[in-house]
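Using the hints, position chain B against chain A.
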Amino acid sequence: MIVSIASGKGGTGKTTVATNLAQSVGFGVQLLDCDVEEPNAHLFINPSFEGSQTVFLPVPEVDEDRCTYCGKCAEICQFKAIAVVAQNVLVFDDLCHSCGGCWEICPESAIQEGRRELGIIQKGRSNGIEFIHGRLRVGEAMSPPLIKMVRAFQDFNKLTIIDAPPGTSCPVIAAMKDTDFVLLVTEPTPFGLHDLKLAVGAAQMLDIPMGLVINRSDLGDDRVREYARQEGLPILMEIPFDRRVAEAYSKGEMLVEVMPRWKDRFLALYDKIRHLSSQQTQNTKNQTRKTKHRP
Amino acid sequence: MKELIVISGKGGTGKTSLIAAFASLAENKVLCDADVDAADLHLILDPHGLSRADFKSGHTAHIDTNKCTECGLCLDLCRFDAISDDFKVNPIDCEGCGVCVHFCLEKAIDFPENTCGEWFISGTRLGPLVHARLGIAEENSGKLVTLVRQESKRLADEKKLGLILTDGPPGVGCPVIASIGGASDVLIVAEPTLSGIHDMERVVQLAKHFKVPAMVCVNKFDLNPDLTGDIENFAGDEGLTCLGRIPFDPSVTQAMVKGQTIIEYNKESQAGHAVQDIWHTLSKKLVL
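Protein chains in written order, with our numbering: chain A, 1357 to 1651; chain B, 993 to 1280.
Here chain B stands alone, though its shape is the one from the complex:
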């Protein structure tokens, strides 16, 4: 089974629009939105829910004021400044380490499990979609990413589908690490700006660090053809395959506003052609 994850380092380079376009072009696949922090793929795919489940992970301390003798031990032990002087736990600051719970002499601290989000398996016009919503200000996004990836694999196995197309999160931290670990292929969407190059270099380093094979394509390449060349040279030096270039094209935004992929909206548009060329090269590369 092939699992292609699209990441970028920098946000807003076009990951979701690209994966949605691939969804229009690929056959026999499961779609997966691993950007659980700000999931957007469903806005294009208009899913109808098949199943929903709570995502439970981690714990938060809660002090029972009736039992608390205000001895102050928990205040001394907490390394996250999560307990106020009047012995209330701020759930936003609580790391869920349980140190206060363990050492409390009065056993006055509860430690309930958190429900920090929900995840879904949905049907869409372009195939099944596994997606999730992490609660605002919640932690453990990496674990939720791992969960949606596992469910996507299970679903692909069950339905005998040979490909998973996964929309990844921005950055290089916890959710990205959880997204690329063990993936068969990673596609990095870069943009030809100084920020874009800076961030792409870091995400290329990350893929190397975790020994995941990566490919690169350049979006909005015509905003700066020189930097596009620099990106492709950098990718070449790093031994990464360049899959192609997509021009800046307002049709991409128009498609998004209509809730369509660029292929559905206008496959004869400039961006539509470019994405089809990239998919052609990519599907050969993935041996689909």
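The shape of chain A in the complex, shown without the other chains:
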């Protein structure tokens, strides 16, 4: 099963929930930190890394001896990553989406695949947890390709927990897509609620079952709970604000370490997720059956 942990708003506690859930279930868990712009889960899990792999995206490399400056590459490129100016071909690596259009179209086969560094992927282990994260190169704009590369390590025999980036645009979709359950971590504030609605929209668009965790549940107001009721979104856990927890978090300590009673709560959360996602699978199967039997 793959569970993605998302939020819309940043700083609501995605990493707290992802790491504590992983730590509580323990052996046989795979934790993928897909917040590649700002990966933080390793600060809590403290894995011993078994090396690091630099990853690249293909970008065009022009052989000027062969190039006739016909301009077809610049014409097909939707991203203005290649331009032909008089007797010059300019390649803007940073803008390239690696679609391959220019090297497919070049009549002189003058374009080869060069590469641009995207970032690194690191793998490690800690307490029976297999940990993998991506770190986007600072200055690199595109995180979805790196997120997809991290997700390529998904082990379908394990419980995979994905720590997603904030927001609702392409990086979040890359982290959330094709997961079995989305756990949305929110806070009961106007910002939390507003961004939660966007995240719910994203999960609905991808047709993934979801549930909520309300963090700092006693700071703010009741509008998130009201919204959850109206939308029929199950609230699976509430974590009240506790200054000791906030201070422990600041030092990289986990909730389940500071207050061991939380371990059972995270295990109960895992049970609820399993139950809800299997229920959903059952519903989908029933629906498919119904559709098939429709005259």
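Errors might be hidden in some of the hints.
[Said to hold, decoys possible] Selected chain A positions facing chain B (in silico; Cβ < 10 angstroms):
id, residue
1, K1365
2, P1395
3, F1400
Just so you know, these hints were derived from the structure itself, not from any lab. Remember, predicted model here, so these are calculated numbers, not experimental data. For every residue, glycine included, the Cβ atom is placed at its ideal position computed from N, Cα and C.
Leaving out everything else, chain B in the frame of chain A:
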């Protein structure tokens, strides 16, 4: 004209609450929400719309099944696995590169432009606001950020306002790069946690990479005074100005719930005082 962008690396460190407080304290400014992916500033500023426009950017392929001969060339060429075996394009996976459109032998693939969001110029009690909403799952957030920044500049020019206060997005990727490029000043809001420091270091690197001058302030500093010291030392070593510290104060959340800035809600609160001190130093620094 001065353009101050507030960023943080890590999400939820208090960018929007801080920029809203500055909006209460600054005069003659345009407000800009460049966190187009999850824009929240309008929740405090309660804008009344003056104008709205669609944001169009990029294209998505669409296969006309009547013309398609299912030759499979597009499937081979697509590097984003966006075309299914039964020749349907999944718009979520389509990168909009147009390679399939160009090479299709039957010219069976349309390539309409996407409407991927909307943007607004609004009036608020604290001044004009330029903001936007990127559609869910859409791309091109960087271009929308660039657009709201350009519109803010145009508006500031037109109204002869000397300052733009911009709420930036979290992270270090595409929308953040679009937010800070060419800005006159960047303020990084850090929090004294291991995650906060880790993320601040990356965003400081990013500002350096794009040669944008950056300043730092620490929010919720009292949750870990030691790490607050570490942040300030790091900033000092990097040659960045530290503007001050804001304590953890539940009034900030209470203000947000009321739809007010901390200055409007209670300027005598601890956080209110701290923000006023920071603004005092900052406005001298920006020579307002």
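Status of each hint after checking the structure:
1. Taking 10 angstroms as the C-beta cut-off, the interface hint given for A:K1365 holds, the closest approach to chain B being about 6 angstroms.
2. Interface hint status for A:P1395: upheld, as the beta-carbon distance to the closest one in chain B is roughly 8 angstroms, under 10 angstroms.
3. Taking 10 angstroms as the C-beta cut-off, the interface hint given for A:F1400 holds, the closest approach to chain B being about 8 angstroms.
The earlier numbered hints are all upheld by this structure, with none contradicted.
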